[in-house]
Amino acid sequence: GENVEQHPSTLSVQEGDSAVIKCTYSDSASNYFPWYKQELGKGPQLIIDIRSNVGEKKDQRIAVTLNKTAKHFSLHITETQPEDSAVYFCAALSGGYQKVTFGTGTKLQVIP
Amino acid sequence: KAGVTQTPRYLIKTRGQQVTLSCSPISGHRSVSWYQQTPGQGLQFLFEYFSETQRNKGNFPGRFSGRQFSNSRSEMNVSTLELGDSALYLCASSAGLGPDTQYFGPGTRLTVL
Numbered sequence: 091g092e093n094v095e096q097h098p099s100t101l102s103v104q105e106g107d108s109a110v111i112k113c114t115y116s117d118s119a120s121n122y123f124p125w126y127k128q129e130l131g132k133g134p135q136l137i138i139d140i141r142s143n144v145g146e147k148k149d150q151r152i153a154v155t156l157n158k159t160a161k162h163f164s165l166h167i168t169e170t171q172p173e174d175s176a177v178y179f180c181a182a183l184s185g186g187y188q189k190v191t192f193g194t195g196t197k198l199q200v201i202p
Numbered sequence: 079k080a081g082v083t084q085t086p087r088y089l090i091k092t093r094g095q096q097v098t099l100s101c102s103p104i105s106g107h108r109s110v111s112w113y114q115q116t117p118g119q120g121l122q123f124l125f126e127y128f129s130e131t132q133r134n135k136g137n138f139p140g141r142f143s144g145r146q147f148s149n150s151r152s153e154m155n156v157s158t159l160e161l162g163d164s165a166l167y168l169c170a171s172s173a174g175l176g177p178d179t180q181y182f183g184p185g186t187r188l189t190v191l
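As you go down the protein sequences, you meet chains A and B in turn.
Residue 133 in my numbering sits at position 43 of the first sequence, with consecutive numbering throughout.
Residue 187 in my numbering sits at position 109 of the second sequence, with consecutive numbering throughout.
Next up, chain B with everything else stripped away, as it sits in the complex (with noise of 0.2 Å):
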């Protein structure tokens, strides 16, 4: 089975701008979670989707949104981005029906400049 893709690997932006990154989860998974990885604050919970619907939210402003599609990819979105908010931005897929084996991409470094 393939594995868990995120793309682009690799983005950079300016203040202000919004960015989209997307995810393709394990044929099969149906719930993709998306997580923020900084050197201060470690792996920090976004929200998880679950057949199309959000159904967990961590504790972030409301500028980092997401979405999920009926083939289970995902995309999450942030706009007016801040210097704060580089980071490796990770995505993690699982089968979603309990307390579920994750299993993670390789993440999207985004630097805000």
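Just chain A, with the same shape it has in the complex (with noise of 0.2 Å):
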């Protein structure tokens, strides 16, 4: 089955710095890749995805890159604010299903 892994666990960043999150996936067939940020007390909600038929997309601050060919892909937050830490989370699906399989997760803190 896929396996996702994500480093670092945790992050901490000053105010205004942009962070990366990193992830890779062993599942060749996996297509699409969803980013989700997780606050305290909520369910996971997404923020931003790939599928593989792309390199690169953006959403004003946030930017996500796949290499498809190394079975990695980055989250990129620039311009960190406070409002930014949360629990983020990579994830990888492929096929017809709705079987996905996540990373670990990344405890970001951005610090004022």
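Read the hints as simulated data drawn from the structure, not as lab findings.
Any given hint might turn out to be false.
Quick list of simulated restraints, FRET-style, between CB atoms [what the hints assert, rightly or not]:
1. L136(A) / N137(B): 17 to 27 Å
2. P184(B) / E95(A): 23 to 33 Å
3. Y88(B) / N157(A): 34 to 44 Å
4. S148(B) / D107(A): 42 to 52 Å
5. G106(A) / E160(B): 38 to 48 Å
6. T92(B) / G106(A): 43 to 53 Å
7. T158(B) / E169(A): 47 to 57 Å
Quick caveat, the model's predicted, so the values are computed rather than measured.
C-beta: ideal position from N, C-alpha, C; glycine also.
Hints in hand, dock the two standalone chains.
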């Protein structure tokens, strides 16, 4: 089955700096890669996603890059703000079914 | 559009009991997936239902079961509760027609004493 590794497990940055979270996946058939943000006491919220036919996608301060050959994808947050503090999960999905494999999560702390 | 709703939000049970959790997906979504989230194991896939049929199942014992109704609402049941079943149970819905965005509910926090 699919295996998704995520690094780092914790990340502290100063407000205004950039944050990068990296994930690798094992199943070359995976073709959809969402990123979720989870705040305390809440369910994961989709923040950005990318499909395997695209190399990069950007939405304001958030961007995701995908390298299919190397089987890795990354989340980039620029100009971080305290409200970006949360746990971030990457995930991979393949095929027509919704069996999503999640990474182990990155706890991001933005220091004011 | 209303988001995914889950009831109840919190539950306390004792070992050996059973529990039923409910999930109402976003209107028009036909796929409902269930996940268990614990500090030690992270987010683990339980099963997915699409049009009342279980399409996919994770590696959980048979004590964990689910069903989906014709209106796409879903329930999951855990029988003979164990201490290790204490977790946040998350439901996610999607259109379900292919690799698709899943939208999560707030979860049900289950504590087994």
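Please write out, lowest number first, the hints stated earlier that are contradicted by the structure.
none
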